[in-house]
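**Q** First to last, the sequence lines map onto chains P and S.
Residues 0 to 682 (numbering that gives the first Met the number 0) are what the first sequence spells out, left to right.
Residues 0 to 308 (numbering that gives the first Met the number 0) are what the second sequence spells out, left to right.
A hint or two may mislead.
Claimed, not checked - Cross-link-like lysine-lysine pairs, in silico, BS3-like; alpha carbons within 30 Å at most:
{"id": "1", "chain 1": "S", "residue 1": "LYS44", "chain 2": "P", "residue 2": "LYS565"}
{"id": "2", "chain 1": "S", "residue 1": "LYS28", "chain 2": "P", "residue 2": "LYS605"}
{"id": "3", "chain 1": "S", "residue 1": "LYS52", "chain 2": "P", "residue 2": "LYS560"}
{"id": "4", "chain 1": "S", "residue 1": "LYS28", "chain 2": "S", "residue 2": "LYS48"}
{"id": "5", "chain 1": "S", "residue 1": "LYS48", "chain 2": "P", "residue 2": "LYS560"}
{"id": "6", "chain 1": "P", "residue 1": "LYS568", "chain 2": "S", "residue 2": "LYS48"}
{"id": "7", "chain 1": "S", "residue 1": "LYS44", "chain 2": "P", "residue 2": "LYS568"}
{"id": "8", "chain 1": "P", "residue 1": "LYS560", "chain 2": "S", "residue 2": "LYS44"}
{"id": "9", "chain 1": "P", "residue 1": "LYS601", "chain 2": "S", "residue 2": "LYS283"}
{"id": "10", "chain 1": "P", "residue 1": "LYS113", "chain 2": "P", "residue 2": "LYS32"}
Said to hold, decoys possible - Here are some chain S residues pointing at chain P (derived, C-beta under 10 Å):
{"id": "11", "residue": "VAL23"}
{"id": "12", "residue": "LYS26"}
{"id": "13", "residue": "ALA29"}
{"id": "14", "residue": "VAL55"}
{"id": "15", "residue": "SER57"}
{"id": "16", "residue": "THR58"}
{"id": "17", "residue": "VAL74"}
{"id": "18", "residue": "ILE76"}
{"id": "19", "residue": "SER95"}
Read the hints as simulated data drawn from the structure, not as lab findings.
Virtual Cβ for every residue (Gly too), placed ideally from N, Cα, C.
Now for the letters of each chain:
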Amino acid sequence: MIDSVASSIGFIVLLFFFGVGAMSVLIFRKDDKLANMWSSFFAIAGSIWGLFFAILTWASPNTIFFTVDSFAFPLLSIFFCIDKLSIFFIFVISLIALFCSIYGIGYVKHFYEKYSIGALGFFYNLFIIGMLLVVTAANGLFFLIAWEIMSVASYFLVVYDRNDRNNVNAGFLYLVMTHIGTVFIIFSFLLIYKFTGSFDFETIKSSVVVIPSSIKNIIFVMLIIGFGTKAGIVPFHIWLPSAHPAAPSHVSGLMSGVMIKTGVYMMIRFFLYILQPVPVWWGLVLLVIGSISSIIGVLYALTEHDIKRLLAYHSIENIGIILLGFGSALTFLSLNMPSLALLGFVAALFHTLNHATFKSLLFLSAGSVINETHTRNMEEYGGLIKYMPETAAFFLIGSMAISALPPFNGFFSEWLTFQSLFQGIAALDFSAKWIFIVSAGALAFTGGLALACFVKVFGVTFLARPRSQKVVHAKESLLSLRLGMGALAILSLLFGIFSGSITSVLEKVGHDIGVFRYTSSFLSISSNQHIVSGGNFASVSAPAIAVFLIAVFIIVLFATKYVVHKNQKIRMGATWDCGTDLTPRMEITATGFARSIITIFKGVLKPSIQHEIEYNDAESRYLPKSRTVTLNINDIYRIYLYEPLNKIFTILSERAKGIQIGNINVYILYIFMALFVALILMI
Amino acid sequence: MTTIFFWIIQLILVPALSPLGIGVIRKLKAKFQNRQGANIFQPYKDLWKLFHKDEVISTDASWIFRYAPFIVFAVTIVVGFSIPLLVSFISNTVTSDILVVVYMLSIGTFFLALAGMDTGSAFGGFGSSREMTIFALAEGGLIFSLLTLGLIIGTTNLFEISGTISSSYSQSFLPILLSFSGFFIVLLSETAHFPFDNPATHLELTMIHEAMILEYSGKRLALMEWASANKLLIFISLGANLFFPWGIAHSTDIKAILVSIIVFAVKLFIFYGAIAVIESSIAKFRFFRLPDLLMISFILNGIAIGLIL
Numbered sequence: 000m001i002d003s004v005a006s007s008i009g010f011i012v013l014l015f016f017f018g019v020g021a022m023s024v025l026i027f028r029k030d031d032k033l034a035n036m037w038s039s040f041f042a043i044a045g046s047i048w049g050l051f052f053a054i055l056t057w058a059s060p061n062t063i064f065f066t067v068d069s070f071a072f073p074l075l076s077i078f079f080c081i082d083k084l085s086i087f088f089i090f091v092i093s094l095i096a097l098f099c100s101i102y103g104i105g106y107v108k109h110f111y112e113k114y115s116i117g118a119l120g121f122f123y124n125l126f127i128i129g130m131l132l133v134v135t136a137a138n139g140l141f142f143l144i145a146w147e148i149m150s151v152a153s154y155f156l157v158v159y160d161r162n163d164r165n166n167v168n169a170g171f172l173y174l175v176m177t178h179i180g181t182v183f184i185i186f187s188f189l190l191i192y193k194f195t196g197s198f199d200f201e202t203i204k205s206s207v208v209v210i211p212s213s214i215k216n217i218i219f220v221m222l223i224i225g226f227g228t229k230a231g232i233v234p235f236h237i238w239l240p241s242a243h244p245a246a247p248s249h250v251s252g253l254m255s256g257v258m259i260k261t262g263v264y265m266m267i268r269f270f271l272y273i274l275q276p277v278p279v280w281w282g283l284v285l286l287v288i289g290s291i292s293s294i295i296g297v298l299y300a301l302t303e304h305d306i307k308r309l310l311a312y313h314s315i316e317n318i319g320i321i322l323l324g325f326g327s328a329l330t331f332l333s334l335n336m337p338s339l340a341l342l343g344f345v346a347a348l349f350h351t352l353n354h355a356t357f358k359s360l361l362f363l364s365a366g367s368v369i370n371e372t373h374t375r376n377m378e379e380y381g382g383l384i385k386y387m388p389e390t391a392a393f394f395l396i397g398s399m400a401i402s403a404l405p406p407f408n409g410f411f412s413e414w415l416t417f418q419s420l421f422q423g424i425a426a427l428d429f430s431a432k433w434i435f436i437v438s439a440g441a442l443a444f445t446g447g448l449a450l451a452c453f454v455k456v457f458g459v460t461f462l463a464r465p466r467s468q469k470v471v472h473a474k475e476s477l478l479s480l481r482l483g484m485g486a487l488a489i490l491s492l493l494f495g496i497f498s499g500s501i502t503s504v505l506e507k508v509g510h511d512i513g514v515f516r517y518t519s520s521f522l523s524i525s526s527n528q529h530i531v532s533g534g535n536f537a538s539v540s541a542p543a544i545a546v547f548l549i550a551v552f553i554i555v556l557f558a559t560k561y562v563v564h565k566n567q568k569i570r571m572g573a574t575w576d577c578g579t580d581l582t583p584r585m586e587i588t589a590t591g592f593a594r595s596i597i598t599i600f601k602g603v604l605k606p607s608i609q610h611e612i613e614y615n616d617a618e619s620r621y622l623p624k625s626r627t628v629t630l631n632i633n634d635i636y637r638i639y640l641y642e643p644l645n646k647i648f649t650i651l652s653e654r655a656k657g658i659q660i661g662n663i664n665v666y667i668l669y670i671f672m673a674l675f676v677a678l679i680l681m682i
Numbered sequence: 000m001t002t003i004f005f006w007i008i009q010l011i012l013v014p015a016l017s018p019l020g021i022g023v024i025r026k027l028k029a030k031f032q033n034r035q036g037a038n039i040f041q042p043y044k045d046l047w048k049l050f051h052k053d054e055v056i057s058t059d060a061s062w063i064f065r066y067a068p069f070i071v072f073a074v075t076i077v078v079g080f081s082i083p084l085l086v087s088f089i090s091n092t093v094t095s096d097i098l099v100v101v102y103m104l105s106i107g108t109f110f111l112a113l114a115g116m117d118t119g120s121a122f123g124g125f126g127s128s129r130e131m132t133i134f135a136l137a138e139g140g141l142i143f144s145l146l147t148l149g150l151i152i153g154t155t156n157l158f159e160i161s162g163t164i165s166s167s168y169s170q171s172f173l174p175i176l177l178s179f180s181g182f183f184i185v186l187l188s189e190t191a192h193f194p195f196d197n198p199a200t201h202l203e204l205t206m207i208h209e210a211m212i213l214e215y216s217g218k219r220l221a222l223m224e225w226a227s228a229n230k231l232l233i234f235i236s237l238g239a240n241l242f243f244p245w246g247i248a249h250s251t252d253i254k255a256i257l258v259s260i261i262v263f264a265v266k267l268f269i270f271y272g273a274i275a276v277i278e279s280s281i282a283k284f285r286f287f288r289l290p291d292l293l294m295i296s297f298i299l300n301g302i303a304i305g306l307i308l
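Isolated chain S (complex conformation) (with noise of 0.2 Å):
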């Protein structure tokens, strides 16, 4: 009863939270370029209002177009419920491995892509070709971060992983603390945010994800934006339970889960926060210095393996 329970839980907390993040960000950035800001809920306000708005589609769009958002938004999902959330101890065998969730995200990425490229604009097209070439390059990072924590502890199941890392984290503390920032590298360019996209602009010569998305309006557009929210919750989440794991409940004990849900929030709330900062303190990366910065998380994943005992 209570395994359904958290089942149910997985399943819903990310798209339910994922707006709540958007507005944390926003407002943090607002307060620090000393605006007031819009309240923190108004990302839902926002969903609510594509959701009941009507749509054009582009008459040169295809069925890619069409159904693209609702696979984009399935699959960050799938990926929600197959990461740990709030509990460790509740078992996924068949979707939790390090290597599916990765692939699963793939999925994504190609039909944001060539949604992007469907309507034959300007824009999409050179917004799926910048989202596919940081993507690509991002992938080996991405990959090996994980794996750091997978090799350390034996297994690639993300849920074992953040129910087990703590107990080596006093041995194999370096090789975390290298493969954690390479994954932070990643975590910004997949999710679109500084130095590799800037999500508020609509900057011709900037803009990546906005320009895979420009065709779209209502319905369809706010379950483009709602998805991005998503994994950019997925990504955060994956960094503060894997890679932090203090806090997450390893039993059904009421105390324990409790406890689970504060920590959890503060580090949402710190990871979120250090992206508001990063925004809103350095500047965007010209287009081909970002392979630098991912080669450099690459490499920092590499020593990281290199490191393990």
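Chain P with its partners taken away, still in its complex shape (with noise of 0.2 Å):
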């Protein structure tokens, strides 16, 4: 039974539940309900057996592989390879899968009669088949036939709430974004084939060498590029904080906690396991990015008052910070200290374990507002958390999740990053050390930032009282909605709680890559969950910290109570108003709590006013009618590199028209010519 379920078969029913659950909706999509129960219990079984699957997997110590030949196509083999690291990914896409599938049935239930629910049941499905291919594949064709089953049915979950113009124009964003990544993708594959004669991966790795090196450097900026636009690094990350905020909640959740995931998930294995050896630059080039995109992530991120394109700057972010981890580790692996490498290894999959927690956590959070409220402006929320405790109670987690406040997990692999580059800093020479220094301080800024950045969040969304009638008819969301958070709040403090088991986990995920087959660890890690990095250079214990505020804080609590003054009296009573009637007004906003770091990073943000003033009498200009004040951000990256690009692309464009004349018998002239040629050529 379990040597069957662990097995080629296993993986073909996972892919089988969700195929399913997807052509099958269609017959129900006439009955709302049904569809959505229907896909919902094909998305959670499969989801389940997903994780039943992978741990089950786990055990067995071989790699599976496996083909799926019937086809006369000589170069696309359907071929699957599922090592430790693919199985690692199948569990982050089932588990986060399954909590935004449980989520769900509750979540759409706002679409009934508006949207086909058939047609999500199906994208929806699709979309977590996609992400499995994409970790399976181990052929470049296959490959990109499932990188592209992933990004158009998330293009399709993107666009789903299609009456809004903004949400279909950021699904067409996304959808030129994502192919030009796709391109870089397809462009570094025809190169490998050129030099190595194979799509296979595992044929590319052992005939690597024949790679000369100036094209495996074109080949790995192809690649950034490719696979970094996915993953949503500075600065192709334009389309994501456009495309995670149209989507429905539960798919935003599994987008950014899932799907830019995919993005790591293929430069670790091109840069740790198909390319390798690789020069130290590469390494040192991810980490620039990584230190980019952490801080440019969390600054904008300040700036926003939509919460999902607030959160989905977040993930810039900490793919910033999983890419420092990484970073450091291909460094460390060119310089030929592996155990400092495999240590940056586990602190990227620790992070993106936790992100994928979190940030779907309190991306699902978000929803459950937004549901309740019918708006992303934050401006417009207000004393939230006595209309709905439990999602608030659940978004605080996450918020300190995110803020790597200890017990979390969120703490724990930023921990792990940040010995990786301290590790570097003390090991290194001069310039490489130097981008250790200034990595590990892009961590601690992001840190800082990000913590200020959540305060205002959960403050402003959650405290003091509501700034409008929006927040007043809120209520607490259903049953489903809470399950879905509720369980992956708990899974952020248990991951925290047992972060010294799971980095011993993600060790032999490590070992199974070939790169760190005989590598000591860096870490010692102790059955109670204490972790020492480097014999005695740090150590932590999530278990005694959590342990041990928690017995403070109780204490603390009781003798408060009960033991000074006993019989204290507690009256209820009205903010201190200066004399004025309280209101709403009267509280900060999220622009204005954000205002002093914008303007302290006016450089980078570059933030612009705009006073407009009507008067009651023009000419006198006393006495105005309305006063509007325009605060704006301009994006840096849209200003020096997408317009410029823009503008070059018009200006070929208008080249270009120049050969378009009109008339039919120059374009049947321009035919024969590119036959002439063709001819030549292939003469």
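Mind docking these for me? Both chains are given alone in their own frames, and the hints should help you get the complex.
**A** Here's what the structure looks like:
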């Protein structure tokens, strides 16, 4: 039984669940309720099977290879390779898909009779299949098909709420950007094929030495652009803050929690596995990209007042943190320090897992809020903790986890990332050392800014008084939504408490990759989750921190309540209002909260202020009738990268217009000439 | 047995001593202003008084506001326990890591800032905004200043740093000095002192920390005030015992411990005195000049790390 699950059959059954879910839901698309139940059932069952499969396959020592070939295409073989790295990603995908699907049961109810639930179920299941195929495909062409399934399915999910014009535009931007990325991936695959003569990852790996180093560098740059566009690294991230908010929230959770990680997966697969050995500067470039992405991501997050866009920017930040871990791993590996490389690799994987849990948690709770208030604008929230106490508690846990506060999971992966950067500072020579110093500084500042940002989000959304009537009608969400969020919140804590065990499991993932096969660990982990890095360089113990904090908290609470002045009277009163009426306008806004940080970073964020005053009497210009202040943030990458590119393309297109005369004879001449050139080239 | 004794000392020393430090600063400031000033034990009496008062809680406040003081205070106790105070030989490998201490302090800041926003008053909101702005920019300097010492010694365990840093003092004098300057700037910013914040003001244009706790009264205000005093003592102890580790007891020898108590008291007095002098002699900076100061702290530490041999 176990053997048959942990084999190719188990994986095909996994795909089958989602496949059947996707296809059969179309039959029931006329009945919204049934379609929702049906597709959710298959998604949930498939996810549970996926977890089951991942755990059982983990125990078996062998990598699963299998081919499904009955096609007449010589280059395309449907070739799967499921090693420990793939299992890890199957696990993450299934885990997040499980809770997003449970959440989805209740969440999609508000789409009833507005849009086709059948279509949603179809693309949702297809999207998960796409991701599962991406992390298991072992053939370049097959991978590209899987990549496209994933991208196109997620595109249709982004534009699902199609009555909103913005969503359609966001979807278009996403489609364009993701295909620009795919073009770069295709180019690099073709280059690889030119030298190795194969699209099979294993064959490429065994004959990677034949690729000249200059070509390898070109491949590296193209893959960074290709996979980086999907992962959302700066400056290829522009689709991310518009696409993620547009999708339904449980899909945003999946996209932000898991889909962008497939970009990270492919980078690991190529840079650490297939293209090894690699030059030192690849890792350093990844470190620089990671630092820039994390800082830019968190700064733009601070400027946002659309709650889902803000979370999307935090995804960019966290991808940056993952790349800091992975970049240091690659650098150490090239410098022949495999133990440290393993440390960085584990940090990257751990942060991938953690970010998947807390970011989907945050997206789901944001969706729960949006579902009740019908707006994404944080300035219209306020006081929601009284209307939606459980959602607020889940969001608080997510905020603490993403801000790396112990004992939640985010802290431990950032701790590991810090350790690998610290070791780089201690061990490396001049130029590499400074890149590590800057990266560690970027990570430190990112931590501080992320904390500031989540004080802003939580405070403005859930605390104080309602800022608009929309809040007053909010109620706590349905049970299925709370189940999905609650489970992820508990996981955020558990992944923190059991950080030691998870770290040692992730080291096994590393050992399964060729380059780390005989690497001794830099960490020593005892059974009570005590992690020690590098002899006695640093150590941390999650349960000790948790128990200690909670114990002291409880003692302080009881001592204050029951020992000192027991019969103290507590009176409820209004907030001090300085003698005026207490209005929502007295509370700080999201824009106001972040304004000082924006002013400090005005070199990067380029804020602009526009005043518009309309006077009662335009002649005298006293007594303004209305006054508007428009605050705006300019995107530097749009100004300095995309607009110039746009201009160049416009000019080129203008030039190209010259050959379009409109005369059909001329076009026939073009065809003839093309044919002629092709013939000559053939000979 | 002696170890347990020292752990208990670790647990209670910070909350027991911290109000005294505030009293010393106030007394010294009063002297600078040609005033008599209150007794140095006055902060204890203030806390006692607050603990016995009734309380008013805003109707807008949620459980965040109600429980934040306990969380903020508990964090300072745990952190106070995790840093070297009188002795360096007891070993704590679970909470004495640099990053653990820094991020545990962040928990306190997080809930303090949320509590400031919870009542929906205009003061609390901008207090939180300013606090988080300064906090975010100070984070890099704080981690890097402690990291400099960690890299010199080869461990980021605070007890081990305080136990062994004195031997590296001669060869790494410059990095330690630079990182201490960076640390001192962060100390002033994190503990709400000049030139960052004026702990004695309730003027809406300038207050930061006081703005956040403006709505508190009674026991909860007492805990908040006490926690902020604890935080000051925590930072001063870090500065005194990590950067100037002389006198700290390396063994259970009774003479060494007596010396360590006296030296610790002298060092604390110097630090509190320095803060009192700064508060009396310079003006509070304009808010948007503070980032420059914090960046200087970060850069000093960056250079310090670069200079380590």
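**Q** Each hint should be assessed against the structure and marked as holding or not.
**A** The hints, checked one at a time:
1. Proximity of LYS44 of chain S to LYS565 of chain P is assessed by CA-CA distance (about 19 Å); at most 30 Å being required, the pair is judged to hold.
2. Our distance criterion of 30 Å between C-alpha atoms is broken by LYS28 of chain S and LYS605 of chain P, whose separation comes to about 42 Å.
3. The straight-line distance between the Cα atoms of LYS52 of chain S and LYS560 of chain P is roughly 13 Å, inside the 30 Å bound, and the hint therefore holds.
4. The hinted pair formed by LYS28 of chain S and LYS48 of chain S meets the criterion: a straight-line CA distance of about 23 Å does not exceed 30 Å.
5. A C-alpha spacing of about 15 Å is found between LYS48 of chain S and LYS560 of chain P, which places the hinted pair at or below 30 Å, so the restraint holds.
6. Taking the CA atoms of LYS568 of chain P and LYS48 of chain S, the gap is about 15 Å. The hint holds against a cut of 30 Å.
7. Taking the CA atoms of LYS44 of chain S and LYS568 of chain P, the gap is about 21 Å. The hint holds against a cut of 30 Å.
8. Under the criterion of a C-alpha separation no larger than 30 Å, the hint pairing LYS560 of chain P with LYS44 of chain S is consistent with the structure, at around 19 Å.
9. Proximity of LYS601 of chain P to LYS283 of chain S is assessed by CA-CA distance (about 23 Å); at most 30 Å being required, the pair is judged to hold.
10. Among the hinted pairs, LYS113 of chain P with LYS32 of chain P is consistent with the structure: their alpha-carbon atoms are about 13 Å apart, no more than 30 Å.
11. With its C-beta approaching chain P no nearer than about 25 Å, VAL23 of chain S sits outside the 10 Å limit, and its interface hint is violated.
12. A distance limit of 10 Å between C-beta atoms decides the matter here; for LYS26 of chain S the minimum to chain P is near 26 Å, and the interface restraint is violated.
13. Given the 10 Å rule on beta carbons, the hint for ALA29 of chain S is violated: about 29 Å separates it from the nearest Cβ of chain P.
14. At a threshold of 10 Å, the smallest CB-CB gap from VAL55 of chain S to chain P is about 5 Å, leaving the interface hint in force.
15. A least Cβ separation of about 4 Å between SER57 of chain S and chain P falls short of the 10 Å threshold, and the interface hint therefore holds.
16. The restraint placing THR58 of chain S at the interface with chain P holds, with a minimum CB-CB distance near 5 Å, inside the 10 Å limit.
17. Taking 10 Å as the C-beta contact cut-off toward chain P, the hint placing VAL74 of chain S at the interface holds, the least distance being around 7 Å.
18. The interface hint given for ILE76 of chain S is met, as the beta carbon of that residue sits about 5 Å from the closest beta carbon of chain P, less than 10 Å.
19. Of the supplied interface hints, the one on SER95 of chain S holds, with its beta-carbon coming within about 8 Å of a beta-carbon of chain P, less than 10 Å.
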